[in-house]
Amino acid sequence: MKKTWLATVLTLSSMTAMAQTPKCDINIQNELRLKDNVVSVYQQGKPKVVIDQNNQIFINGDKLDLNQLQQQAVKTYREKVSTYIPKAKEIADQGVELANEVIDDVSNSFQDPNSFNNLKQAMNDFYADIESRYYNNGEWVLKKDAINQAISNWKSDSAAAMQRFNGEFFSSAFAVLSKQMQQDGSVNLSELQNKLIDLKANVQSKLETNSAELQKEANTYCENLQGLAKDEAELRQQIPELKGYEVFVI
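Numbering (this note's numbering), first residue to last: -7 to 242.
Rather than coming from a laboratory, the hints here were simulated on the basis of the structure. What you are looking at is a predicted structure, and each value in this text was computed from that prediction instead of being measured. Certain hints may be false.
[To be verified] Mimicking BS3-like on lysine-lysine, the simulated pairs with C-alpha atoms at most 27 Å apart in a straight line are:
hint, residue 1, residue 2
1, K67, K81
2, K38, K72
3, K81, K136
4, K79, K40
5, K67, K136
6, K67, K40
7, K27, K40
8, K136, K72
9, K235, K136
10, K40, K235
11, K55, K40
12, K72, K135
13, K136, K79
14, K67, K135
15, K171, K112
16, K72, K55
17, K40, K135
18, K222, K208
19, K55, K38
20, K235, K72
21, K79, K38
22, K79, K112
23, K81, K208
24, K222, K136
25, K27, K235
26, K222, K38
[Claimed, not checked] The calculated label-pair distances, taken between Cβ atoms and stated as ranges, are:
hint, residue 1, residue 2, range
27, I242, E131, 23 to 33 Å
28, N110, N194, 13 to 23 Å
29, E93, D190, 11 to 21 Å
30, Q48, K135, 22 to 32 Å
31, E226, K81, 25 to 35 Å
32, N128, K38, 11 to 21 Å
33, N106, Q62, 51 to 61 Å
34, A225, Q63, 17 to 27 Å
Glycine included, each C-beta is placed from N, C-alpha and C at the ideal position.
All chains should be built: construct the whole structure from the sequences, respecting the hints.
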């Protein structure tokens, strides 16, 4: 999420660290797809390299004969891809959970656990839209230049997310506070405005305070992808037939 393609999805969804543009010294050279632990490298919309669950490599449909050392290197690479790529969703889900926990905390302070359901649904929908760019029906698709494109979309996506967050937040908070004031006998607009401002600041403070661990995980994720790029480079040295099908490049 911060500091990697994954961190992009993470931070967008969790509403944390919006002020900084993510950076990660890695790029996607060729489209990679991952489904059911099978790794595929695509070019021109067709699978050119396939690493199956038995750690066998097929290039343009032809199976390579691998020695034991090569098979072990392929196994290590496939397992790391299968582990690290889905980690993006795990961190993003943690971000959504964090945001929902903060929203629930605010709702409970109003003694109305459902008062911000619209906000929670809006943020879940926004996250699902971002996620759908990379993950659909159990398949991860990292297109060429996916990280660079995610970073270039960062500011616009962040602005859209914050606009939706603010819109739903103030709408829900206004309704709840107005109802409470009416029950007390009157609605004081100045007092209402001040409460809304204080409430928003409280929510943002909680999100920022609890985002440190998520950002740490995102940084680690970027380091993992960089390590994966080095593993892939070593794999190409052991299996020269893979040259021209690079995916992770530093």
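Checked hints:
For the hint pairing K67 with K81, the CA-to-CA distance comes to about 23 Å; that is within 27 Å, so the pair holds. Between K38 and K72 the CA atoms are separated by roughly 23 Å; this keeps the pair inside 27 Å, and the hint holds. Taking the CA atoms of K81 and K136, the gap is near 19 Å; set against the 27 Å cutoff, the hint holds. For a cut-off of 27 Å, the pair hint linking K79 to K40 stands: about 25 Å separates their Cα positions.
A threshold of 27 Å between alpha carbons decides the hint, and for K67 with K136 the separation of about 23 Å falls inside it, so the pair holds. Taking the CA atoms of K67 and K40, the gap is about 18 Å. The hint holds against a cut of 27 Å. Our distance criterion of 27 Å between C-alpha atoms is met by K27 and K40, whose separation comes to about 15 Å. For the hint linking K136 to K72, the alpha-carbon distance of about 19 Å falls within 27 Å, and the restraint holds.
Taken as a hint, the K235 and K136 pair is honoured in the structure, with Cα atoms around 16 Å apart against an allowance of 27 Å. Between the alpha carbons of K40 and K235 the distance comes to roughly 12 Å, so the proposed pair stays at or under 27 Å and holds. At most 27 Å may separate the alpha-carbon atoms for a hinted pair to count; K55 and K40 meet this at roughly 12 Å. As the CA atoms of K72 and K135 are separated by approximately 18 Å, the hinted pair is consistent with the 27 Å bound.
Distance hint between K136 and K79 is fulfilled; the C-alpha atoms sit about 19 Å from each other, no more than 27 Å. Annotation: proposed proximity of K67 to K135 holds, straight-line Cα distance about 23 Å (limit 27 Å). The straight-line distance between the Cα atoms of K171 and K112 is roughly 20 Å, inside the 27 Å bound, and the hint therefore holds. Annotation: proposed proximity of K72 to K55 holds, straight-line Cα distance about 21 Å (limit 27 Å).
This hinted pair checks out: K40 and K135 have alpha carbons roughly 14 Å apart, not beyond 27 Å. For the hint linking K222 to K208, the alpha-carbon distance of about 22 Å falls within 27 Å, and the restraint holds. For the given pair, K55 sits about 16 Å from K38 by alpha-carbon distance, which is consistent with the 27 Å threshold. Between K235 and K72 the CA atoms are separated by roughly 20 Å; this keeps the pair inside 27 Å, and the hint holds.
Of the pairs offered as hints, the one joining K79 and K38 holds, with about 25 Å between alpha carbons and a cut-off of 27 Å not exceeded. The straight-line distance between the Cα atoms of K79 and K112 is roughly 23 Å, inside the 27 Å bound, and the hint therefore holds. About 15 Å separates the Cα atoms of K81 and K208, which keeps this hinted pair within 27 Å; it holds. Taking the CA atoms of K222 and K136, the gap is near 18 Å; set against the 27 Å cutoff, the hint holds.
Taking the CA atoms of K27 and K235, the gap is near 23 Å; set against the 27 Å cutoff, the hint holds. A threshold of 27 Å between alpha carbons decides the hint, and for K222 with K38 the separation of about 25 Å falls inside it, so the pair holds. At about 25 Å, the beta-carbon gap between I242 and E131 stays in the expected band of 23 to 33 Å. Checked against the given bound of 13 to 23 Å, the beta carbons of N110 and N194, roughly 19 Å apart, stay inside it.
The supplied range of 11 to 21 Å is met by E93 and D190, whose beta-carbon atoms lie about 20 Å from each other. Checked against the given bound of 22 to 32 Å, the beta carbons of Q48 and K135, roughly 25 Å apart, stay inside it. Between E226 and K81 the Cβ separation comes to about 27 Å, which falls inside the hinted range of 25 to 35 Å. At roughly 19 Å, the beta carbons of N128 and K38 sit within the given window of 11 to 21 Å.
Hint check: N106 to Q62, Cβ distance near 57 Å, so the stated range 51 to 61 Å holds. Roughly 18 Å separates the CB atoms of A225 and Q63, a value that falls within the hinted 17 to 27 Å.
Every hint, counting from the list given before, is met by this structure.
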